[in-house]
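S.K.: Generate coordinates for the entire structure from the input sequences, incorporating the hints supplied.
Residue numbers (this note's numbering), protein chains in the order written: chain C, 1 to 305; chain A, 306 to 580; chain R, 581 to 963.
Some hints here could point you the wrong way.
With a Cα cut of at most 30 Å, we get these calculated DSS-like pairs of lysine-lysine [said to hold, decoys possible]:
hint	chain 1	residue 1	chain 2	residue 2
1	C	K10	A	K407
2	R	K668	R	K745
3	R	K606	C	K101
4	C	K198	R	K695
5	R	K866	C	K198
6	C	K198	R	K747
If you want a taste of the chain A side facing chain C, the calculated C-beta under 8 Å gives, among others [claimed, not checked]:
hint	residue
7	W319
8	V410
9	L416
10	V427
11	F545
12	S555
13	I559
14	V568
Derived from the structure by calculation, the hints contain no laboratory data.
Even for Gly, the Cβ is constructed at its ideal location relative to N, Cα and C.
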Amino acid sequence: MAISRLEQSKLTFWLTVLPPVVWVGIFFILPLGIIWGYSFGDNDGLTEVVINGTFSNYARAFDPLYLQIFGKSIFVAGVTTLLCLIIGFPVALAIVFAHEKWRPWMLLLVMLPFWTNLLIRTYALIAVLRTEGYANFTLRYLWDGASWFSAFVGLAPFGEFQPLALLYNNFAVVFGLVYVHLPFMVLPLYAALDRLDKSLIEASLDLGAGHLRTLFSIVVPLALPGIVSGVIITFIPALGAYLTPDLLGGTDSQMIANVIERQFKRANDWPFGAALSFLLMYATFIAIAMRAYLTRGKAVDGHHV
Amino acid sequence: MKDRAAPLEYNRLWQMRLWLFAVFFFLYAPLVALVAFSFNDSKRNIVWKGFTTKYYAQLFQNQDLMIAFGNSITIALVATLVSLVLGALAAVMLWRFRFPGKLAVEGALSLPIVVPEICMGVAMLVFFSRVVPWPNDLVWPFSLGAIIIAHVSFCFPFVAMVVRARLASFNNEQEEAARDLGASDWQAFRDVLIPHIRPALIAGALLSFTLSLDDFVITFFTSGPNTVTFPVKVYSMVRFSVTPEVNAASTMLIVLTVVLMVVGVVLQNRSERKA
Amino acid sequence: MNMVSTSHHPKAAAKPIISFRSIVKKFGSMVAVDNVSLDVEAGEFFALLGPSGCGKTTLLRMLAGLEVPSEGEIILDGQDMGAIPPNKRPVNMVFQSYAVFPHMSVADNVAYGLKIDGVAKPDRDLRVAEALELVQLGHLAARMPDQLSGGQRQRVALARALIKKPKVLLLDEPLSALDAKLREAMRFELSQLQQKVGITFIMVTHDQDEALAIASRIAVMNKGSIAQLGTPSDLYEFPASRFVADFIGSVNMFEGRLVKDEPDEAIVKCAELDHAVYLPHAVPGKIDMPLWVAVRPEKMTLHKDAPEPPQVPECKPGTNVVKGVIKEISYLGDISIFHVETAGGRLIRVSRPNRSRWDQENFGWNEPVWVSWAGSSPVVLLS
Numbered sequence: 001m002a003i004s005r006l007e008q009s010k011l012t013f014w015l016t017v018l019p020p021v022v023w024v025g026i027f028f029i030l031p032l033g034i035i036w037g038y039s040f041g042d043n044d045g046l047t048e049v050v051i052n053g054t055f056s057n058y059a060r061a062f063d064p065l066y067l068q069i070f071g072k073s074i075f076v077a078g079v080t081t082l083l084c085l086i087i088g089f090p091v092a093l094a095i096v097f098a099h100e101k102w103r104p105w106m107l108l109l110v111m112l113p114f115w116t117n118l119l120i121r122t123y124a125l126i127a128v129l130r131t132e133g134y135a136n137f138t139l140r141y142l143w144d145g146a147s148w149f150s151a152f153v154g155l156a157p158f159g160e161f162q163p164l165a166l167l168y169n170n171f172a173v174v175f176g177l178v179y180v181h182l183p184f185m186v187l188p189l190y191a192a193l194d195r196l197d198k199s200l201i202e203a204s205l206d207l208g209a210g211h212l213r214t215l216f217s218i219v220v221p222l223a224l225p226g227i228v229s230g231v232i233i234t235f236i237p238a239l240g241a242y243l244t245p246d247l248l249g250g251t252d253s254q255m256i257a258n259v260i261e262r263q264f265k266r267a268n269d270w271p272f273g274a275a276l277s278f279l280l281m282y283a284t285f286i287a288i289a290m291r292a293y294l295t296r297g298k299a300v301d302g303h304h305v
Numbered sequence: 306m307k308d309r310a311a312p313l314e315y316n317r318l319w320q321m322r323l324w325l326f327a328v329f330f331f332l333y334a335p336l337v338a339l340v341a342f343s344f345n346d347s348k349r350n351i352v353w354k355g356f357t358t359k360y361y362a363q364l365f366q367n368q369d370l371m372i373a374f375g376n377s378i379t380i381a382l383v384a385t386l387v388s389l390v391l392g393a394l395a396a397v398m399l400w401r402f403r404f405p406g407k408l409a410v411e412g413a414l415s416l417p418i419v420v421p422e423i424c425m426g427v428a429m430l431v432f433f434s435r436v437v438p439w440p441n442d443l444v445w446p447f448s449l450g451a452i453i454i455a456h457v458s459f460c461f462p463f464v465a466m467v468v469r470a471r472l473a474s475f476n477n478e479q480e481e482a483a484r485d486l487g488a489s490d491w492q493a494f495r496d497v498l499i500p501h502i503r504p505a506l507i508a509g510a511l512l513s514f515t516l517s518l519d520d521f522v523i524t525f526f527t528s529g530p531n532t533v534t535f536p537v538k539v540y541s542m543v544r545f546s547v548t549p550e551v552n553a554a555s556t557m558l559i560v561l562t563v564v565l566m567v568v569g570v571v572l573q574n575r576s577e578r579k580a
Numbered sequence: 581m582n583m584v585s586t587s588h589h590p591k592a593a594a595k596p597i598i599s600f601r602s603i604v605k606k607f608g609s610m611v612a613v614d615n616v617s618l619d620v621e622a623g624e625f626f627a628l629l630g631p632s633g634c635g636k637t638t639l640l641r642m643l644a645g646l647e648v649p650s651e652g653e654i655i656l657d658g659q660d661m662g663a664i665p666p667n668k669r670p671v672n673m674v675f676q677s678y679a680v681f682p683h684m685s686v687a688d689n690v691a692y693g694l695k696i697d698g699v700a701k702p703d704r705d706l707r708v709a710e711a712l713e714l715v716q717l718g719h720l721a722a723r724m725p726d727q728l729s730g731g732q733r734q735r736v737a738l739a740r741a742l743i744k745k746p747k748v749l750l751l752d753e754p755l756s757a758l759d760a761k762l763r764e765a766m767r768f769e770l771s772q773l774q775q776k777v778g779i780t781f782i783m784v785t786h787d788q789d790e791a792l793a794i795a796s797r798i799a800v801m802n803k804g805s806i807a808q809l810g811t812p813s814d815l816y817e818f819p820a821s822r823f824v825a826d827f828i829g830s831v832n833m834f835e836g837r838l839v840k841d842e843p844d845e846a847i848v849k850c851a852e853l854d855h856a857v858y859l860p861h862a863v864p865g866k867i868d869m870p871l872w873v874a875v876r877p878e879k880m881t882l883h884k885d886a887p888e889p890p891q892v893p894e895c896k897p898g899t900n901v902v903k904g905v906i907k908e909i910s911y912l913g914d915i916s917i918f919h920v921e922t923a924g925g926r927l928i929r930v931s932r933p934n935r936s937r938w939d940q941e942n943f944g945w946n947e948p949v950w951v952s953w954a955g956s957s958p959v960v961l962l963s
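M.R.: In structure tokens:
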């Protein structure tokens, strides 16, 4: 790093340091700090909040009602992440082993939905999952067809098609979250698999291992840092998701973000909302710390020195 | 004899092809249906009744929606400009200098990327209504100030990330050569560094613009009745009904996004070839 | 005796252990291997030698099962390998990058193949220890690959492959990543290892010194086909084409025309040599036919300048000589290479062992000299 003449360098230094740092300080750290303060406060009348160092908000967060919501959010985010991993891994594998020519296009194809507005993507799913949506429409079509065929063959026809309740429940929320977060998972998986030395796979095959065995003994351990990255950057946004459970979920599909929103916009209980927000932040930081811990000192995946 | 697949040619297995097809179908079918049915002459939205563009006409006549769209574009433009400056400065600072507390600064600058949107939205709400109350009766576009500030706060770290990645490939000797020839700090920055990071600036601008345009959660908390953005407006439309008008609005946004991406990729390629 | 190059086939003893039959491999429109047929005998150390892109590695990988031939069959020990995937073939490979699994210890790496075969732990441990002793890595069993040197990692790869007792061991550029001294030591070790273990080794290399030193038979490949197949001395002393003569070792090549062809002698006139080339044998061909004469540098002799050309044994007077001036001397310690420029501007390489510790100054720069070679030294090449 070139360090230039001292005086000019000092000026440059402060010129580049101050704007971003000051901005982050005033418009990010400060507001978050205030929220943190509020989490230790109480409502004073209708509009004021007095910070009095109370833990009552946090205590309330551990109420079974809210604990259950926390638990469910973690569960939903976890299931989402797992599904994204299972679905996304073969996709990442396919892109890595695709011809040079195709690879950027395939990546683009996977990322394009990600660039589309979250709101729109979630909304599109409503049309799919509704009682009279595309999914049920197709199922009804198949059902009727099978029923007709059954009658044709001489067996009893099926009864009236009962549309599946695919919307406004936990299924829809998970479906929507997977739909939205899948590209998040594919990218780090692709990056990790790309760095893998292909001759290691060939060596494993050469030594007698089948493909599945090679996958679990060689590919997964060496791509682990990438897998952990993908899991974390899928899990955290899924945990704090607001729109998807709001639009696709039912009354019992509330996640943490929905509860927080209610505190601030409707219930007007800002201290409690602040406490919940910070609990979510702590969960986020724990997840990040876990990731740092799990990928510490991991040797470069597959590279010979 | 037909060419059998080599062991590592996974993409020739029919299982893999089927999986890929299923995944891409899953990702794109809802969107394609959305776009297609925005031209459907039917309120019910499932069965194709005929081609029409009347919902688009309705869309353009919807005053509120057009204002919201205008707001979104304005916010995105201003936020992108500010983010570019802040992000570039931050990236250069982190790349160039060593100083005590650098780790803390790095951490602070990456917080907006990491912190869940809802937490940031809530923080912005409190900040702009209690701490630094943003006057509600400011003339446009200053009324959008709160939203712009919020957007800048979560956009510029992304710009910084992209620019920093590009800086890693910078050969210091170029700058030293400029210095050797008499350039000052600022001149060296302007003539040597900026051209090198231009592709990253374009990528960052694109990223920032898209993030700002698409943002819902944070904007939801910082916008007021007079400062509605496009996603927020569409949200309220979606909550009330599923009409083809919403489809039309969504299609427009998709088209805008795709166009932006293509423009960005083209600009980037051209810039990279020159740099 | 017909001195025109021929390949000397070893006595075809039993059936060959590996048979490539009319193998063709295309990548899109690019032909990597063009109709190659080749037999490898059991127990030999065979080398596939050629410049990069000649198809040698592709051929090796097809034998391992990592590529599939576009046409043709590969027969291993009487069995057609066509439908058999790489993990079921009795063949193991040492990869160019060694491909040692970085997340497993040395012992675990070596045990990997046995684990897959379902060998029980006590037996496995015993065999791993044996294999590590074979490559002298017994003391490093618990180490991780990133703690090993390149040469050590290669031994791990060797042990890992040999422990499965394959019928054939494949080596992809085994010595290219090692430094010079280590390379020479490993050449000897590989040779010893092969004799000890007794199985067929097939090595791919672009380094002709390596191939000449270790292999018992070499196939020289160029642009997807086999240019010549033979023992090292076959290839060196009796190259069948200009490509082989030029690829293996260095050579002085002169273009010329056949002017006299008798049953026991022939004369070739070359444009670059002012004196004729005399051969004490017949050359199959017609008078005035264009051909090349190749003479190895070590077969040439330097003579001090004299008004008359030196007399060369086995030749008519005034043949197999050329006059020139020493332009460059490369002193390599054990030999010196003289670059002699002829009157026509052609540079000839002559190499001379430094027999005595003094005597380096015997021939100096810009000294006029005569260069001669015996009648049996040149090889006549028709293509």
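S.K.: All hints are to be evaluated individually against the structure, with a verdict given for each.
M.R.: Hint-by-hint comparison with the structure:
| no. | hint | in the structure |
| --- | --- | --- |
| 1 | C/K10 to A/K407 | holds (16 Å) |
| 2 | R/K668 to R/K745 | holds (13 Å) |
| 3 | R/K606 to C/K101 | holds (18 Å) |
| 4 | C/K198 to R/K695 | holds (21 Å) |
| 5 | R/K866 to C/K198 | violated (55 Å) |
| 6 | C/K198 to R/K747 | holds (25 Å) |
| 7 | W319 | violated (13 Å) |
| 8 | V410 | holds (6 Å) |
| 9 | L416 | holds (7 Å) |
| 10 | V427 | holds (5 Å) |
| 11 | F545 | violated (12 Å) |
| 12 | S555 | holds (4 Å) |
| 13 | I559 | holds (6 Å) |
| 14 | V568 | violated (13 Å) |
Going down the numbered hints, you'll see the structure goes against 5, 7, 11, 14, while the others check out.
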